[in-house]
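Enquirer: Sequence:
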Amino acid sequence: MKQRTFLLPGICAVMLMIVTVSLVLWQSKDAHAQGIPARYTAPYADVTLSPPIAEAIQNGGSRFYTLAFVIDGGNCKASWAGLPLTYEPVQSIVSTVRNAGGDVIASFGGASGVELALVCPSVSALQAQYQAVIDQYHFTHLDFDIEGGALGYADKNDLRNKAIAALQRANPGLKISFTLPVMPSGLTQYGLDMLKNAVQNGVDINIVNVMAMDYYNGTTDMGQAAIDAANSTYSQLQSIIPGMSWAKIGVTPMIGVNDDRSEIFTTQDAQELVSFAQQKQLGMLSFWSIARDRACSSTGQLSPTCSGVQQSPFAFSQIFGSYGGGGGTPTTPTPTKTTTPTPTQTVTPTSTPQTTWQAGTAYKVGDRVLYNGVTYICLQAHTALPGWEPPNVPALWKPA
Numbered sequence: 001m002k003q004r005t006f007l008l009p010g011i012c013a014v015m016l017m018i019v020t021v022s023l024v025l026w027q028s029k030d031a032h033a034q035g036i037p038a039r040y041t042a043p044y045a046d047v048t049l050s051p052p053i054a055e056a057i058q059n060g061g062s063r064f065y066t067l068a069f070v071i072d073g074g075n076c077k078a079s080w081a082g083l084p085l086t087y088e089p090v091q092s093i094v095s096t097v098r099n100a101g102g103d104v105i106a107s108f109g110g111a112s113g114v115e116l117a118l119v120c121p122s123v124s125a126l127q128a129q130y131q132a133v134i135d136q137y138h139f140t141h142l143d144f145d146i147e148g149g150a151l152g153y154a155d156k157n158d159l160r161n162k163a164i165a166a167l168q169r170a171n172p173g174l175k176i177s178f179t180l181p182v183m184p185s186g187l188t189q190y191g192l193d194m195l196k197n198a199v200q201n202g203v204d205i206n207i208v209n210v211m212a213m214d215y216y217n218g219t220t221d222m223g224q225a226a227i228d229a230a231n232s233t234y235s236q237l238q239s240i241i242p243g244m245s246w247a248k249i250g251v252t253p254m255i256g257v258n259d260d261r262s263e264i265f266t267t268q269d270a271q272e273l274v275s276f277a278q279q280k281q282l283g284m285l286s287f288w289s290i291a292r293d294r295a296c297s298s299t300g301q302l303s304p305t306c307s308g309v310q311q312s313p314f315a316f317s318q319i320f321g322s323y324g325g326g327g328g329t330p331t332t333p334t335p336t337k338t339t340t341p342t343p344t345q346t347v348t349p350t351s352t353p354q355t356t357w358q359a360g361t362a363y364k365v366g367d368r369v370l371y372n373g374v375t376y377i378c379l380q381a382h383t384a385l386p387g388w389e390p391p392n393v394p395a396l397w398k399p400a
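Quick note: the sequence shown, position 22, residue 22 per the UniProt record's numbering, numbers continuous.
A hint or two may mislead.
As the list claims (entries may be wrong) - Quick list of in silico lysine-lysine cross-link-like pairs, DSSO-like style, CA-CA up to 30 Å: (1) Lys364 x Lys196; (2) Lys77 x Lys196; (3) Lys280 x Lys398; (4) Lys196 x Lys175; (5) Lys77 x Lys175; (6) Lys248 x Lys280; (7) Lys196 x Lys248; (8) Lys196 x Lys280; (9) Lys398 x Lys196; (10) Lys175 x Lys280; (11) Lys398 x Lys364.
FYI, nobody ran anything at the bench for these hints, they're computed from the structure.
From a predicted model like this one, the values you see are computed outputs, not experimental measurements.
Please build the complete structure, drawing on both the sequences and the hints.
Expert: Here you go:
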């Protein structure tokens, strides 16, 4: 909590002048962003977790970051996870990165909160909110993380894509990436349909970024699974995106222990993925998230602020940063092969329990729920929101 300070009128006037000049300088400085190269690493940074970006850059991490997430703050108004666009910690992150010679990307959507396209009533209203974010921070790259129930609304996907296409016309050179759920076998049909609609609406897609995480299918070799997902997605997009090349593929794993605790992405997996990216010249690498790039107090933990695996601080940042956009000289050399920790043993029931569907509940793949007398099976891990009732979102549920 900030302390309340009382100032004399004359001092107030001086302070007002200083603040005004500071704001002008901040806006002018950020207006001249360094730009993002054709191939880059841009780890996700949850802006609500005080991400240690300055330390990551100093320790050899990337100079480019994806800020998460812009969602609806109420009544079709863009916000940082419900906080104002002028949220001071975001301003500080942007300045830190750009002062280090890097740049930032704004990511819209994510797994939690309400995605703007679900509430904005028109293309023009949605475009205006996207533009407000661009104007506030002079973004040249926008990412749209579309997952969960949001991916299953064809009409909202069409609305979003029309707004993005109009946004690109109004901002020449604006780069757009779509971040989508994936399996080692490739994108879901809902993801492919959304991309087809984007192309039909005239969106110039720079990157299709696959979330190589949370498969909930017994996958244990997470490095190879990420590579398989990239290969499968590349094949799927040949007939969808004009001029498709490896430069249009991005891969984002969840470092360390995943939400499915049997899935563990190690530093060795990261090295394998970087080698693959170098071989294919992928457009982008990322990971979720920079706040997790340190060891927990014990291995096997699942936490938003540590990885749950044995590692030195910023070990993943150093490995991924070597692909594109690395920062300063790391204080610790690239880590050696780590031992995969054994997560805390849990007892798996012989059958998946069935409960009544309820908003606000986190569901994983295979969960069974009862809704209006019908049993449904979960297809994608998600946290249920009002309006995401099983019969309304076939991307998330199918009748048993």
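Enquirer: Does each hint hold? Answer for all of them.
Expert: Hints, verified against the model:
About 27 Å separates the Cα atoms of Lys364 and Lys196, which keeps this hinted pair within 30 Å; it holds. Proposed proximity of Lys77 and Lys196 is supported: the alpha carbons are some 27 Å apart, at most 30 Å. A distance of roughly 36 Å separates the Cα atoms of Lys280 and Lys398; the hinted pair therefore is violated under the 30 Å criterion. Proposed proximity of Lys196 and Lys175 is supported: the alpha carbons are some 18 Å apart, at most 30 Å.
Using a Cα cut-off of 30 Å, the hinted pair Lys77 and Lys175 holds, with the two alpha carbons roughly 22 Å apart. With a CA separation close to 11 Å, the supplied pair Lys248 and Lys280 stays within the 30 Å bound. For the hint linking Lys196 to Lys248, the alpha-carbon distance of about 15 Å falls within 30 Å, and the restraint holds. Of the supplied pair hints, the one linking Lys196 and Lys280 holds, its CA atoms being roughly 24 Å apart against a limit of 30 Å.
Simply put, Lys398 and Lys196 have alpha-carbon atoms about 23 Å apart, close enough for the 30 Å limit, and the pair holds. Under the criterion of a C-alpha separation no larger than 30 Å, the hint pairing Lys175 with Lys280 is consistent with the structure, at around 21 Å. The hinted pair formed by Lys398 and Lys364 meets the criterion: a straight-line CA distance of about 13 Å does not exceed 30 Å.
Hint 3 from the list above is the single one not met by this structure.
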